Amino acid sequence: MSSRLDRIIPILNWAAIVMVVVSLFMVFFFAPNERTMGNVQRIFYFHVGAAWVAAIAFFVALAAGVLYLRQPLAKWDTIALASVEIGLVFTTMTIVSGSIWGRPAWNTWWVWSPRLTLITVMWLVYVAYFMLRSSIEDEEKRGRFGAVYVIAAFVTVIMTYASVRLLRDIHPVVFGATAAVAQGAEQGLQEIAPGLDSARMGMTLTVAVITFSLLYAAWLANRYRLQQLTGEAASLKARVVTRLQQR
Amino acid sequence: MWSFFLLAAQLPEGVDPNITLNYMFLGYAAMWLVALLYIASLASRQHNLHKEIKLLQQLLEEDKES
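Protein chains in written order, with the working numbering: chain C, 1 to 247; chain U, 1001 to 1066.
Think of the hints as simulated: they come from the structure by calculation, not from any bench.
Don't take each hint at face value.
With a cut-off of at most 20 Å between alpha-carbon atoms, the simulated SDA-like pairs for lysine to any residue come out as follows [claimed, not checked]:
1) 237/C <-> 1051/U
2) 141/C <-> 242/C
3) 1051/U <-> 6/C
4) 1054/U <-> 69/C
5) 237/C <-> 1048/U
6) 1054/U <-> 243/C
7) 1051/U <-> 240/C
8) 1051/U <-> 63/C
9) 1064/U <-> 243/C
10) 75/C <-> 234/C
11) 237/C <-> 1060/U
12) 237/C <-> 1046/U
13) 237/C <-> 1047/U
14) 75/C <-> 162/C
15) 1051/U <-> 138/C
16) 1051/U <-> 228/C
17) 237/C <-> 1055/U
18) 1064/U <-> 236/C
19) 1054/U <-> 230/C
20) 1064/U <-> 132/C
21) 1064/U <-> 241/C
22) 75/C <-> 163/C
23) 75/C <-> 29/C
24) 237/C <-> 1063/U
25) 237/C <-> 1065/U
26) 237/C <-> 1026/U
27) 237/C <-> 1056/U
28) 1054/U <-> 234/C
29) 1054/U <-> 240/C
30) 141/C <-> 69/C
31) 141/C <-> 243/C
32) 1051/U <-> 1061/U
33) 237/C <-> 138/C
34) 75/C <-> 230/C
35) 75/C <-> 232/C
36) 1051/U <-> 69/C
37) 1051/U <-> 236/C
38) 1054/U <-> 229/C
39) 237/C <-> 1045/U
Please read these numbers as outputs of a predicted model, since none were measured by experiment.
Hey, can you work out the whole structure from these sequences and the hints?
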């Protein structure tokens, strides 16, 4: 497994680097300037990409949690742990970029709107996952409790993503949005005229989402390998301790 | 197909969209700083583990020889 992973990791790393360069080029030179907000709208491509992949990461953690409860193999626990860690990084990127976009768009860095409040709750809930894990010493118990926790924690992801559709919110509705859906967006709506410009924006967003997905896969593989090394170091330590006790 | 590009926000009145260039750069810089910090943490943890494994293997071998 580890030798296969060792072969895959450099490929994923390089593919992610190439895609990051391509998507940065598309964001800055291919996508058109948005009519109302100007250049700051370009944050949107990576902001949405990061948010999307964060949700995927937490979903992978949920799936790994379910699989662990069905069959308690260490690999499912490792995947859940790695995925939550990476999901948190992407959530942080989403929050930071959204806050910076909000300054010129909303005239404030932060608003305690339902979406922004819920994403903060989601972030804190997943941070608490690490606190839970570090408080349990028994490996099997830690895996079981962690699995149940990531399954339950996914409710916060659903709530965050549904909040802009169900509650009155300042945050834009992006996917599948219509003016009617985005009720409560009092600052007004701007629909990009269909045609070349919106197609270019769509292509840029698609490439950004693919890039972030690839980045997630690369980080997941690296993080999984790291956990394998941690296990290897722990077993070597145990052997050294046994030798010392035998003396 | 791309009618989902609805952005429920406008710049405050009188703000020139071009001044948002600074915010765009700040946004990208902050995002990539978070990403780079994570990559650095992964690299550093991996480096420390490799060092630790090497040291432990060395200890076991020395013990075997003695």
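Hints, one by one, checked against the model:
no.	hint	in the structure
1	237/C <-> 1051/U	holds (13 Å)
2	141/C <-> 242/C	violated (25 Å)
3	1051/U <-> 6/C	holds (18 Å)
4	1054/U <-> 69/C	violated (35 Å)
5	237/C <-> 1048/U	holds (14 Å)
6	1054/U <-> 243/C	holds (17 Å)
7	1051/U <-> 240/C	holds (16 Å)
8	1051/U <-> 63/C	violated (33 Å)
9	1064/U <-> 243/C	holds (9 Å)
10	75/C <-> 234/C	holds (16 Å)
11	237/C <-> 1060/U	holds (10 Å)
12	237/C <-> 1046/U	holds (17 Å)
13	237/C <-> 1047/U	holds (17 Å)
14	75/C <-> 162/C	violated (31 Å)
15	1051/U <-> 138/C	violated (26 Å)
16	1051/U <-> 228/C	holds (15 Å)
17	237/C <-> 1055/U	holds (10 Å)
18	1064/U <-> 236/C	holds (14 Å)
19	1054/U <-> 230/C	holds (13 Å)
20	1064/U <-> 132/C	violated (39 Å)
21	1064/U <-> 241/C	holds (14 Å)
22	75/C <-> 163/C	violated (33 Å)
23	75/C <-> 29/C	violated (42 Å)
24	237/C <-> 1063/U	holds (13 Å)
25	237/C <-> 1065/U	holds (18 Å)
26	237/C <-> 1026/U	violated (45 Å)
27	237/C <-> 1056/U	holds (7 Å)
28	1054/U <-> 234/C	holds (13 Å)
29	1054/U <-> 240/C	holds (13 Å)
30	141/C <-> 69/C	holds (11 Å)
31	141/C <-> 243/C	violated (28 Å)
32	1051/U <-> 1061/U	holds (15 Å)
33	237/C <-> 138/C	holds (17 Å)
34	75/C <-> 230/C	holds (13 Å)
35	75/C <-> 232/C	holds (14 Å)
36	1051/U <-> 69/C	violated (34 Å)
37	1051/U <-> 236/C	holds (13 Å)
38	1054/U <-> 229/C	holds (11 Å)
39	237/C <-> 1045/U	holds (17 Å)
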